[in-house]
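Since the structure of chain G is already known, use the hints to place chain W on it.
Going down the list, the sequences are from chains G and W.
In this text, residue positions in the first sequence follow this note's numbering: the first is 1, and each later residue adds one.
In this text, residue positions in the second sequence follow this note's numbering: the first is 1, and each later residue adds one.
Careful, some of the hints might be misleading.
With a straight-line Cα cutoff of 25 Å, these simulated SDA-like cross-link-like pairs (lysine to any residue) come out [what the hints assert, rightly or not]: (1) Lys31/G - Ala334/G; (2) Lys88/G - Gly42/W; (3) Lys88/G - Glu40/W; (4) Lys76/G - Asp56/W; (5) Lys106/G - Glu290/G.
If you are wondering where the hints come from, they were derived from the structure by calculation, not from laboratory data.
Since this is a predicted model, take the numbers as computed values, not measurements.
Here is how the chains run, residue by residue.
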Amino acid sequence: MNTSGTSNPEYVNARVRARRAALFTDDEYRKLVRMSPAEIARRMEETEYEAEINALGTRHSGVDLIEYALNRNLAKHFDDLLDFSEGKVYDLIARYLRKFDAWNAKTIIRGLYVGADRDSIETDLIRAGEFSDRMISRLLDAGTIEDVVTILEGTIFGEGLTEAYTDYEETDLLVPLENAIDRGFYGHLLDDLPNTEPVQLYREFLVAEIDFRNARNALRLARSGADIDPAAYYIDGGKLFSPSELNTLVQDQEELVSHIRESSYGRELTDVLDELEDVDSMISFERGIEKVLLAYSKRLGNVYPMSIAPVISYILAKEREVENIRAIARGREAGLSQSEIESELVIL
Amino acid sequence: MIETTTEFANVVLQEGTLTDPSAAAALGVGLAALGAGYAERGIGSAAVGAMAENEDLFVNGLILTVLPETIVILALVVVFLV
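Just chain G, with the same shape it has in the complex (with noise of 0.2 Å):
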């Protein structure tokens, strides 16, 4: 949209600070865990929530509620960052927003894949990223897998989507689709960045999470021992694999686990890994990683007040609200124990 001009760091971190003191507390999260899904719904009500509960209070119920309540706050409020911020700012921004365009392209391909009608499928989509209202509308017509390709060519998924139809058509299979949006959104996030301090650090931080997303492919590949190809997987863009070294990589997990503790990451995951081989569990590496990158882009953004830092930072904090609430909501439903949910959140 507006990505030339003077940008306005000020203004989008003054608001973005707001918001992020209106997150949830770690204190909230455990008041969180001991309620059933309707009560969390009502205290969903008293705060940030509150329209979004009200507005989907009559048509959903329960867990389902909550969860489409919290994408649509989510969407409302990173559509806001787009909408107050300008030139440069908005331009990094939007590189990391596109994630959700690309989560609602595959989500309307894999819908449209299994028959799902249209109603289904736009209750499925946050409507947080670049994409119009009227572009979502286009790719929701759309009747078959083709036309929403066609629809896309324009965008940044273009490129790759229409090789990776011919693909889709001999085997049938979703895969080829699906790697190729997210080599469009991969491939373009780290496009020309500007050169100055705060944008080469947001940059590592983006590489960083490349890499962590390729080291938790890898590792479920090495424990699931099934015989795919991890190529198919592999995210360019990352210093900590080259596609040749995965390969080998996935044979042996413990090859694995030290090729991770020697790379430059090493330090910060030490004890993420160690956790890993005591006890074993894919979910508290998944979130140990996740709560390293968290911690790194807080510090990113006390670091550099007037950059990027601080809205990535909010990005992150406010996407992790969203999932440990559904969590706890998804962990109540199952009648899971409290130690249990709480070992799926990940607070800092």
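Relative to the frame of chain G, chain W by itself:
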């Protein structure tokens, strides 16, 4: 443009306009005002951002926005001293 600049500099330095104390003081106030304006730009936009989130911050925002104005007042003192 450049020729006129050098000419202007010659006039200023040789004819001695800036050796006139009140002219120099006036320039000082002007520069101070410029600095204050630049500072208020950032503070003002942050203050408006904060007010948009929470209207109670209007008074705080207003006070913080005009704080750099003090530097202009201090510069104005110089005008009376010369």
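Results of checking the hints against the structure:
A hinted pair counts as satisfied when its Cα atoms are at most 25 Å apart, and Lys31/G with Ala334/G qualifies at roughly 18 Å. This hinted pair checks out: Lys88/G and Gly42/W have alpha carbons roughly 16 Å apart, not beyond 25 Å. Restraint check for Lys88/G and Glu40/W: satisfied, since their Cα atoms lie roughly 21 Å apart, inside the 25 Å limit. A C-alpha spacing of about 23 Å is found between Lys76/G and Asp56/W, which places the hinted pair at or below 25 Å, so the restraint holds.
With a C-alpha separation of about 23 Å, the suggested pair Lys106/G and Glu290/G falls inside the 25 Å cut-off, and the hint holds.
Hint compliance for this structure: no hint is broken.
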